[in-house]
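Enquirer: The lines below spell out each chain.
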Amino acid sequence: MPVSSPQIWILDDEPQVRESLDWLLQSVGWHAHLLDSPQALLQALALAPPREPGCLLLDVRMPGMSGLDLLGKLRKKAEILPVILLTGHGDVAMAVKALKAGAFDFFEKPFNDQELLDSINRALELHQSLLEQKEKEKYWNLRLAHLTPREREVMFLLVDGLSSKQIADRLVISSKTVDVHRHQVMQKLAVRNLAELIHLSYQLGWTVSVRPGEA
Amino acid sequence: MGLLAENPSSRVHLGVLAWRDAPSLQQGWQTTLQALEEQLPEYHLKVHWLDLQELEQAIAGQELDFVLTNPGHYVDLSSRYLLAPLASLQNSSVDPPQQAIGSVVVTLSSREELNDWQDLRGQRLAAVSPDAFGGFQLVQDALEQADFPWQEELASLQFSGFPMEQLLGWLDAGRADAVVLRSCLLESLAEAGAVELSAYRVVAEQKQADYPCLHSSRLYPDWPFLRLGSTNPELARQVTLALLSSHPQKGEVDSYQWTAPLSYQPVYELFERLRLGPFADFPKNPVLAFVQQHRYWLLAALLLVLAVFGHDLRAGYLIRKKTRELKAAEITARQKQQELVHLSRFALMGELTAGLAHELNQPLTAIINYARGSERYLQQPGAQQLPQAQQLQKAMGKIVRQAEQAAATIKNLRSFLRKESPEWQELEPLTLMEEALEFMEAHFRQEAVTVTRDYSSDLPRIRGNPVQLLQILINLLTNASDAMQQLPVAQRQLEVTCKQVGHHLQIQIRDQGPGLTEEAEKLKFTPFFTTKKQGMGLGLGLSLSLTEAHQGQLSLHNTSSTGAVATLKLPVT
Numbered sequence: 004m005p006v007s008s009p010q011i012w013i014l015d016d017e018p019q020v021r022e023s024l025d026w027l028l029q030s031v032g033w034h035a036h037l038l039d040s041p042q043a044l045l046q047a048l049a050l051a052p053p054r055e056p057g058c059l060l061l062d063v064r065m066p067g068m069s070g071l072d073l074l075g076k077l078r079k080k081a082e083i084l085p086v087i088l089l090t091g092h093g094d095v096a097m098a099v100k101a102l103k104a105g106a107f108d109f110f111e112k113p114f115n116d117q118e119l120l121d122s123i124n125r126a127l128e129l130h131q132s133l134l135e136q137k138e139k140e141k142y143w144n145l146r147l148a149h150l151t152p153r154e155r156e157v158m159f160l161l162v163d164g165l166s167s168k169q170i171a172d173r174l175v176i177s178s179k180t181v182d183v184h185r186h187q188v189m190q191k192l193a194v195r196n197l198a199e200l201i202h203l204s205y206q207l208g209w210t211v212s213v214r215p216g217e218a
Numbered sequence: 055m056g057l058l059a060e061n062p063s064s065r066v067h068l069g070v071l072a073w074r075d076a077p078s079l080q081q082g083w084q085t086t087l088q089a090l091e092e093q094l095p096e097y098h099l100k101v102h103w104l105d106l107q108e109l110e111q112a113i114a115g116q117e118l119d120f121v122l123t124n125p126g127h128y129v130d131l132s133s134r135y136l137l138a139p140l141a142s143l144q145n146s147s148v149d150p151p152q153q154a155i156g157s158v159v160v161t162l163s164s165r166e167e168l169n170d171w172q173d174l175r176g177q178r179l180a181a182v183s184p185d186a187f188g189g190f191q192l193v194q195d196a197l198e199q200a201d202f203p204w205q206e207e208l209a210s211l212q213f214s215g216f217p218m219e220q221l222l223g224w225l226d227a228g229r230a231d232a233v234v235l236r237s238c239l240l241e242s243l244a245e246a247g248a249v250e251l252s253a254y255r256v257v258a259e260q261k262q263a264d265y266p267c268l269h270s271s272r273l274y275p276d277w278p279f280l281r282l283g284s285t286n287p288e289l290a291r292q293v294t295l296a297l298l299s300s301h302p303q304k305g306e307v308d309s310y311q312w313t314a315p316l317s318y319q320p321v322y323e324l325f326e327r328l329r330l331g332p333f334a335d336f337p338k339n340p341v342l343a344f345v346q347q348h349r350y351w352l353l354a355a356l357l358l359v360l361a362v363f364g365h366d367l368r369a370g371y372l373i374r375k376k377t378r379e380l381k382a383a384e385i386t387a388r389q390k391q392q393e394l395v396h397l398s399r400f401a402l403m404g405e406l407t408a409g410l411a412h413e414l415n416q417p418l419t420a421i422i423n424y425a426r427g428s429e430r431y432l433q434q435p436g437a438q439q440l441p442q443a444q445q446l447q448k449a450m451g452k453i454v455r456q457a458e459q460a461a462a463t464i465k466n467l468r469s470f471l472r473k474e475s476p477e478w479q480e481l482e483p484l485t486l487m488e489e490a491l492e493f494m495e496a497h498f499r500q501e502a503v504t505v506t507r508d509y510s511s512d513l514p515r516i517r518g519n520p521v522q523l524l525q526i527l528i529n530l531l532t533n534a535s536d537a538m539q540q541l542p543v544a545q546r547q548l549e550v551t552c553k554q555v556g557h558h559l560q561i562q563i564r565d566q567g568p569g570l571t572e573e574a575e576k577l578k579f580t581p582f583f584t585t586k587k588q589g590m591g592l593g594l595g596l597s598l599s600l601t602e603a604h605q606g607q608l609s610l611h612n613t614s615s616t617g618a619v620a621t622l623k624l625p626v627t
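Those protein sequence lines, which keep their order, are chains X and S. Converting from the first sequence to the numbering used here requires adding 3 to each position, the first position being numbered 1. Converting from the second sequence to the numbering used here requires adding 54 to each position, the first position being numbered 1.
Bound-form chain X, shown alone:
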């Protein structure tokens, strides 16, 4: 299912390439933000972090900062926007480098339009799921913030598969108290049973060893 109004960024120092790409994307009903320098992109992303599914079409060879360098920079910032690298002269080494650096895909100019559009579509879908995941994490992290420290502790131990009795022993409290905490956790996180809690924590990657909000 194609995304209806994706946020596509095109970063290429050659205006004719930028604009022709724009023309191609418009022909399938997509609108793109045209940028001519990495700095412009970084500024735009900083001002308005993408909320809608999107992707970046990035030329590898540019004055100032190369596409690969920019990619590295984005990854460092934990930017999840998928990046499709475009290059004037591609070879295997370059492709490997690009993918290692975290590129979503890699195209050599001139490219097959259909392949590129398909790739953009896949990137949009990925970004959408990433965004949703991020939203979910955000939501649950917010929920998690409502738990008291003790409740959180009990929750993590539950997720790790400990029984109430075991938790009581570990925390040196009574089983009854554990049950009270457990009830609170269920209510605050709006899960009906332990199975749902475990599923949720699995989705969000909560474990005893990785405790969000406690880093």
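The reader is advised that the hints may include incorrect statements.
[Unchecked claim] DMTMM-like mimics (lysine to aspartate or glutamate), calculated; alpha carbons at most 20 Å apart, straight line: (1) S:K553 to S:E489; (2) X:K80 to X:E154; (3) S:K623 to S:D508; (4) S:K376 to S:E393; (5) S:K390 to S:E492; (6) X:K100 to S:D335; (7) S:K586 to S:E602; (8) S:K452 to X:E118; (9) X:K137 to X:E55; (10) S:K381 to S:E492; (11) S:K576 to X:D72; (12) X:K103 to X:E55; (13) S:K376 to S:D366; (14) S:K100 to S:E288; (15) S:K623 to S:E549; (16) S:K623 to S:E482; (17) S:K576 to X:E111; (18) X:K141 to X:E199; (19) S:K465 to X:E135; (20) X:K139 to X:E82; (21) S:K623 to X:D72; (22) X:K103 to S:E492; (23) S:K576 to X:E138; (24) X:K168 to X:E154.
[Said to hold, decoys possible] If we take Cβ atoms under 8 Å as the criterion, some of the chain S residues that face chain X in the derived model are: (25) Q416; (26) Y424; (27) R430; (28) A461.
[Stated by the list, open to error] Some chain X residues near chain S, calculated using beta-carbon distances under 10 Å: (29) W12; (30) D15; (31) L24; (32) W26; (33) Q29; (34) V31; (35) R64; (36) Q117; (37) L129.
These are computed hints drawn from the structure, not numbers from a lab. These numbers were taken from a predicted model, which means no experiment stands behind them. All C-beta atoms, glycine included, are put in the ideal place defined by N, C-alpha and C.
Position chain S relative to chain X; hints supplied.
Expert: Quick look at chain S alone, frame taken from chain X:
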């Protein structure tokens, strides 16, 4: 006489060489002495019979007024004392009287094989004395003139002593094969009936028309009558008159007659040849003697000449050697340069194509994008109503295919030119850097660029294609040098640093030039962009490509002060 004898000034001292025993001498000189006594009645003549040495001592002591001696002795003395001949002797025992004496070598008439000087080889020769003028020295001269090495070739040379006549007895007795006599002695003896002329024959006989005696040598003047420098001139005049007016009695043996003085020059010449008398100290070979005398100076001069010559040879050799070495070095350098130029040209062509490909690839990409986009527009429902929608769609497809073909062609060309077999190897960074500087040395010298090096020690090795890395370095060095062309010579300084930064080897080339303009800063790696009048604008692009092929990084920035710095980072092994 008795009165006069009391006056010492009226005494006249005559020294006579006593070459024979006193009686025969007195007999021989009787005529002369009588004539003097008669002509000079107011003087008392005192005759001193002296041998060669005594005679000279008397002259040196100024005891004598006159001297009578043989021509050889006279010539000998004349080099040390003032002597002048007043008259020369004539032998009147042969007819006509002669003014010359000579020597004759006589052998028995039976020895017919002895004809010439050379025939005396292996023979025994006898003479009166080595100092005898007519009795030996003249023959000695003749032998030497004939190139006959008598000292080696004669079987023996014996001296009998006076009187000379006894030599004939030696011949008869077989004690000698040949004897030396004064000329005319034989004839005198024959006239007196003492010998038979036919019993003898002459060796190396000389012919002289008006000389009546047999002789083997040249002829020389006879004895002189000499005055000394201190002799009273009036006395000398009277003595001369007395001598010239004396006449021998006919038929008298050994009678003499005086005549006007002859030139004794031939005797001088003879003595010079024989190195006798005044010429005794003269060397046989004047050139050799000169050499001997000045040997140290000559040796020094010779050494000097040799030294100069040697120095010249050595300098020549060194120059030739140096020239050879230089030529060899030049050839090596030229070969290397040619190799590099060739590779550069190939790489440059690749870069040219790459640049061209990039420049063409962008518009081709745009063309294809526009065409594909247009194609999609035309597929949309609304567009289908356009009358030529289908034709346009087809045309768009054709545009795309044509553009794609163009792009493919360029790509093929580029991949063909990029198809180089990079000979990668481990490299010492400093060796590489120095090699690049060596290549640039002539250029730097010409441009008066001085290079300072700042190398860290213990630099790690790098992996790469040496030729390509050299190309990068040479390109960067050339740029740095060119950037300083407009500067005063003193400021044309180029700094090269090599150090390790993390996992990279970092080479920096810093110049003092004006730095990069804003435009150059932006376009420095863009193909065909150049700030040089004769540049193609591919150098830095090529360097960047080569650097990327080595997984390295290349950057070019202005420094904080003046000039620009090129930084090349290459991964260490």
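Enquirer: Taking the hints in turn, state whether each one holds.
Expert: We went through each hint and held it up to the structure:
With a C-alpha separation of about 17 Å, the suggested pair S:K553 and S:E489 falls inside the 20 Å cut-off, and the hint holds. At roughly 32 Å between alpha-carbon atoms, X:K80 and X:E154 are farther apart than 20 Å, so this suggested pair is violated. A C-alpha spacing of about 16 Å is found between S:K623 and S:D508, which places the hinted pair at or below 20 Å, so the restraint holds. Restraint check: the Cα-Cα separation between S:K376 and S:E393 comes to about 25 Å, which exceeds 20 Å; the hinted pair is violated.
Note on S:K390 and S:E492: the hinted pairing holds, with a Cα-Cα distance of about 11 Å set against a maximum of 20 Å. At most 20 Å may separate the alpha-carbon atoms for a hinted pair to count; X:K100 and S:D335 exceed this at roughly 110 Å. At most 20 Å may separate the alpha-carbon atoms for a hinted pair to count; S:K586 and S:E602 exceed this at roughly 24 Å. Annotation: proposed proximity of S:K452 to X:E118 holds, straight-line Cα distance about 19 Å (limit 20 Å).
The suggested pairing of X:K137 with X:E55 holds, with an alpha-carbon distance near 12 Å, which does not exceed 20 Å. Annotation: proposed proximity of S:K381 to S:E492 holds, straight-line Cα distance about 17 Å (limit 20 Å). The suggested pairing of S:K576 with X:D72 holds, with an alpha-carbon distance near 17 Å, which does not exceed 20 Å. At most 20 Å may separate the alpha-carbon atoms for a hinted pair to count; X:K103 and X:E55 exceed this at roughly 26 Å.
Simply put, S:K376 and S:D366 have alpha-carbon atoms about 15 Å apart, close enough for the 20 Å limit, and the pair holds. Between S:K100 and S:E288 the CA atoms are separated by roughly 18 Å; this keeps the pair inside 20 Å, and the hint holds. Note on S:K623 and S:E549: the hinted pairing holds, with a Cα-Cα distance of about 16 Å set against a maximum of 20 Å. Straight-line distance between C-alpha atoms of S:K623 and S:E482 comes to about 14 Å, which keeps the hinted pair within the 20 Å bound.
Note on S:K576 and X:E111: the hinted pairing is violated, with a Cα-Cα distance of about 24 Å set against a maximum of 20 Å. A distance of roughly 18 Å separates the Cα atoms of X:K141 and X:E199; the hinted pair therefore holds under the 20 Å criterion. At roughly 42 Å between alpha-carbon atoms, S:K465 and X:E135 are farther apart than 20 Å, so this suggested pair is violated. Proposed proximity of X:K139 and X:E82 is supported: the alpha carbons are some 17 Å apart, at most 20 Å.
At most 20 Å may separate the alpha-carbon atoms for a hinted pair to count; S:K623 and X:D72 meet this at roughly 16 Å. About 40 Å separates the Cα atoms of X:K103 and S:E492, which puts this hinted pair outside 20 Å; it is violated. The straight-line distance between the Cα atoms of S:K576 and X:E138 is roughly 41 Å, outside the 20 Å bound, and the hint therefore fails. A hinted pair counts as satisfied when its Cα atoms are at most 20 Å apart, and X:K168 with X:E154 qualifies at roughly 15 Å.
For the restraint placing S:Q416 at the interface with chain X, the shortest Cβ-Cβ distance is roughly 5 Å, inside the 8 Å limit, so the hint holds. Interface hint at S:Y424: satisfied, since its Cβ lies 5 Å from the closest Cβ of chain X, which is below the 8 Å cut-off. Interface restraint check for S:R430: the shortest CB-CB distance to chain X comes to about 4 Å, inside 8 Å, so the restraint holds. Proximity of S:A461 to chain X holds as hinted, the smallest CB-CB distance being about 5 Å (cut-off 8 Å).
Taking 10 Å as the C-beta cut-off, the interface hint given for X:W12 is violated, the closest approach to chain S being about 16 Å. Proximity of X:D15 to chain S holds as hinted, the smallest CB-CB distance being about 9 Å (cut-off 10 Å). Checking X:L24 against chain S by beta carbon gives a least distance of about 6 Å; that is within 10 Å, so the hint holds. Hint on X:W26 holds. Least Cβ distance to chain S is approximately 4 Å, under the 10 Å limit.
About 7 Å separates the beta-carbon of X:Q29 from the nearest beta-carbon of chain S, less than 10 Å, and the hint is met. Contact between X:V31 and chain S, as hinted, is supported at the beta carbon level, the nearest pair being about 6 Å apart and thus within 10 Å. Hint on X:R64 holds. Least Cβ distance to chain S is approximately 8 Å, under the 10 Å limit. Satisfaction of the interface hint for X:Q117 is found here, the shortest Cβ-Cβ separation to chain S being roughly 8 Å, below the 10 Å cut-off.
Annotation: X:L129 was flagged as interfacial toward chain S, and the flag is violated, the nearest CB pair being 23 Å apart, outside 10 Å.
Hint violations for this structure: numbers 2, 4, 6, 7, 12, 17, 19, 22, 23, 29 and 37, all remaining hints satisfied.
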